[in-house]
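Visitor: Just so you know, the sequences run in chain order A and B.
Residue 68 in this note's numbering sits at position 68 of the first sequence, with consecutive numbering throughout.
Residue 60 in this note's numbering sits at position 60 of the second sequence, with consecutive numbering throughout.
Hints are computed from structural coordinates only; laboratory data are not their basis.
One or more of the hints may lead you astray.
[Claimed, not checked] With a straight-line cut-off of 25 Å between C-alpha atoms, the simulated DSS-like cross-links for lysine-lysine are:
| no. | chain 1 | residue 1 | chain 2 | residue 2 |
| --- | --- | --- | --- | --- |
| 1 | B | K210 | A | K76 |
| 2 | A | K83 | B | K210 |
| 3 | A | K167 | A | K155 |
| 4 | B | K210 | B | K83 |
| 5 | B | K155 | B | K210 |
| 6 | B | K83 | A | K25 |
[What the hints assert, rightly or not] If you only want the chain B side, here are some residues facing chain A, beta carbon under 7 Å, derived:
| no. | residue |
| --- | --- |
| 7 | Q27 |
| 8 | L94 |
| 9 | A97 |
| 10 | F140 |
| 11 | V166 |
| 12 | C168 |
| 13 | G169 |
| 14 | K171 |
| 15 | W174 |
| 16 | V192 |
| 17 | L198 |
| 18 | S202 |
| 19 | Y203 |
| 20 | N204 |
[Said to hold, decoys possible] What follows is a list of derived Cβ distance ranges for each label pair:
| no. | chain 1 | residue 1 | chain 2 | residue 2 | range |
| --- | --- | --- | --- | --- | --- |
| 21 | A | P130 | B | Y69 | 43 to 53 Å |
| 22 | B | G22 | A | G128 | 36 to 46 Å |
| 23 | B | G169 | A | C168 | 26 to 36 Å |
| 24 | A | K82 | B | V43 | 29 to 39 Å |
| 25 | B | Y69 | A | C168 | 37 to 47 Å |
C-beta: ideal position from N, C-alpha, C; glycine also.
Residue strings, one per chain:
Number of protein chains: 2
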Amino acid sequence: MEEKEISQAVIGRLPRYFRYLGELKDQGVERISSQELSRIMHVTASQIRQDFNNFGGFGQQGYGYNVEYLYTEIGKILGMHKKHNLVIVGAGHLGQALANYMNFERRGFLIKGLFDQDTSLTGMLVRGIPVRPMEELENFILENEIDIGVLTIPKEGAIPVSKRLVKCGVKAIWNFAHVDLDVPEGVQVENVHLSDSLMKLSYNITRFEKEQR
Amino acid sequence: MEEKEISQAVIGRLPRYFRYLGELKDQGVERISSQELSRIMHVTASQIRQDFNNFGGFGQQGYGYNVEYLYTEIGKILGMHKKHNLVIVGAGHLGQALANYMNFERRGFLIKGLFDQDTSLTGMLVRGIPVRPMEELENFILENEIDIGVLTIPKEGAIPVSKRLVKCGVKAIWNFAHVDLDVPEGVQVENVHLSDSLMKLSYNITRFEKEQR
């Protein structure tokens with residue numbers, strides 16, 4: 001398959017395809033047409049075909065796609081066959097919520113360490129993982145081949161901590177802090193800005209009410 | 001201002017403008033050009049102008065935009081001058097994390113109630129808010145003029161609970177359950193699919209490694 005630049009919008013839709021195909025596979029569905037997939041996913045069939053064409057089209061022949069094949073291929077594209085080692089920095093409620101979320105492990109995202117600058121939390125166990133003090137961060141990352149750092153700390157600390165993570169060679173940062181990080185090229189950042197998401201909801205409520213008037 | 005259909009991509013960028021403008025305002029900056037805003041936000045100046053043109057352009061004259069005016073106007077568009085009453089369904093780690101997050105209150109999103117089907121949690125206080133049993137959901141929503149329901153429950157329960165919320169007239173659902181909801185037109189849904197976000201990160205790591213070879 002030829003490599004070409006694929007837009008982040010397309011990438012952003014892949015996990016959803018992966019999720020639906022996983023469910024179809026679990027239900028024992030063997031083949032599915034883009035029309036059927038369109039109906040259950042509420043996206044147009046042409047959107048689906050366009051998205052899949054970015055990856056060579058996955059060979060829809062005769063009656064639709066082979067579900068298992070499509071699931072496996074999209075999984076490979078997403079890197080789901082690989083394991084990733086994570087540390088969570090910030091053992092507050094959100095950090096603990098993420099550490100407790102078993103689904104990540106099932107997808108190959110292994111939470112190896114939990115860090116917090118509040119030393120009164122040191123040693124507290126979250127799903128068997130002890131909270132460690134921040135000065136152990138660098139050694140822990142190197143010794144445990146951590147490739148993803150998760151930031152669940154207030155925005156003030158996020159930039160300095162992101163620099164420490166980058167210095168230790170993490171490949172990616174999953175950022176819940178309400179600030180944009182400035183990392184070198186090659187370090188991937190995925191932001192989950194919860195307040196932004198709520199504001200978008202607020203916009204859409206306001207917008208709909210205006211339309212109704 | 002004429003109303004027209006504005007893409008969700010533009011809407012999705014508004015909270016980020018709002019955040020940066022709020023910081024500039026706090027720093028005492030009075031005017032800013034699209035070039036300067038472009039530099040600090042790492043988006044092109046033409047993107048900024050295009051985005052703002054959707055809302056009439058906010059009158060950039062001479063040297064740049066008036067920061068306070070722009071902040072206020074974008075805030076109005078986002079509905080930030082209104083208060084929203086929320087209930088959180090699911091008082092597990094994530095639900096508690098959200099209930100504890102003070103920033104939402106500052107933005108006018110008031111968490112009024114917390115519900116869980118696990119009755120052993122009934123009465124537990126999270127930032128002063130007691131967890132209530134699910135059978136009180138409907139009455140509580142009606143009595144407290146709740147307009148946003150937050151789902152922090154496993155995907156199995158999400159669809160039935162979303163139907164109950166819709167029946168009581170909530171205007172929007174902030175959905176953290178790993179499933180797509182099917183709600184009537186006019187009910188706004190904003191999904192935060194954390195696994196999807198992690199998979200996107202995984203894709204970008206894999207992609208970058210391939211490019212380096």
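Visitor: Evaluate each hint against the coordinates.
Guide: Outcome of the hint check:
1. B:K210 x A:K76: holds (13 Å)
2. A:K83 x B:K210: holds (16 Å)
3. A:K167 x A:K155: Between K167 (chain A) and K155 (chain A) the Cα gap is close to 19 Å, so the pair holds against 25 Å.
4. B:K210 x B:K83: With a Cα-Cα distance of about 48 Å, the restraint between K210 (chain B) and K83 (chain B) is violated, given a limit of 25 Å.
5. B:K155 x B:K210: At roughly 34 Å apart (the allowed maximum being 25 Å), K210 (chain B) and K155 (chain B) break the hint.
6. B:K83 x A:K25: Violated, at about 44 Å.
7. Q27: violated (14 Å)
8. L94: holds (4 Å)
9. A97: Because about 4 Å separates A97 (chain B) from the closest Cβ in chain A, which is inside the 7 Å limit, the hint holds.
10. F140: Violated - the Cβ of F140 (chain B) stays beyond 7 Å from chain A, reaching only about 20 Å at its closest.
11. V166: violated (14 Å)
12. C168: Hint on C168 (chain B): violated, closest Cβ of chain A at ~15 Å, above 7 Å.
13. G169: Hint on G169 (chain B): violated, closest Cβ of chain A at ~12 Å, above 7 Å.
14. K171: Where the cut-off is 7 Å and the nearest Cβ of chain A is about 5 Å from K171 (chain B), the hint holds.
15. W174: holds (6 Å)
16. V192: holds (6 Å)
17. L198: Given a least distance of 6 Å, the restraint on L198 (chain B) holds.
18. S202: Cβ of S202 (chain B) sits 4 Å from chain A, so the hint holds.
19. Y203: holds (5 Å)
20. N204: N204 (chain B) check passes; min Cβ-Cβ to chain A is 4 Å, inside 7 Å.
21. A:P130 x B:Y69: 43 to 53 Å: holds (50 Å)
22. B:G22 x A:G128: 36 to 46 Å: Holds, at about 40 Å.
23. B:G169 x A:C168: 26 to 36 Å: violated (50 Å)
24. A:K82 x B:V43: 29 to 39 Å: holds (31 Å)
25. B:Y69 x A:C168: 37 to 47 Å: Taking Cβ atoms as reference, Y69 (chain B) and C168 (chain A) lie about 44 Å apart, which means the hint holds.
The earlier numbered hints that this structure contradicts are 4, 5, 6, 7, 10, 11, 12, 13, 23.
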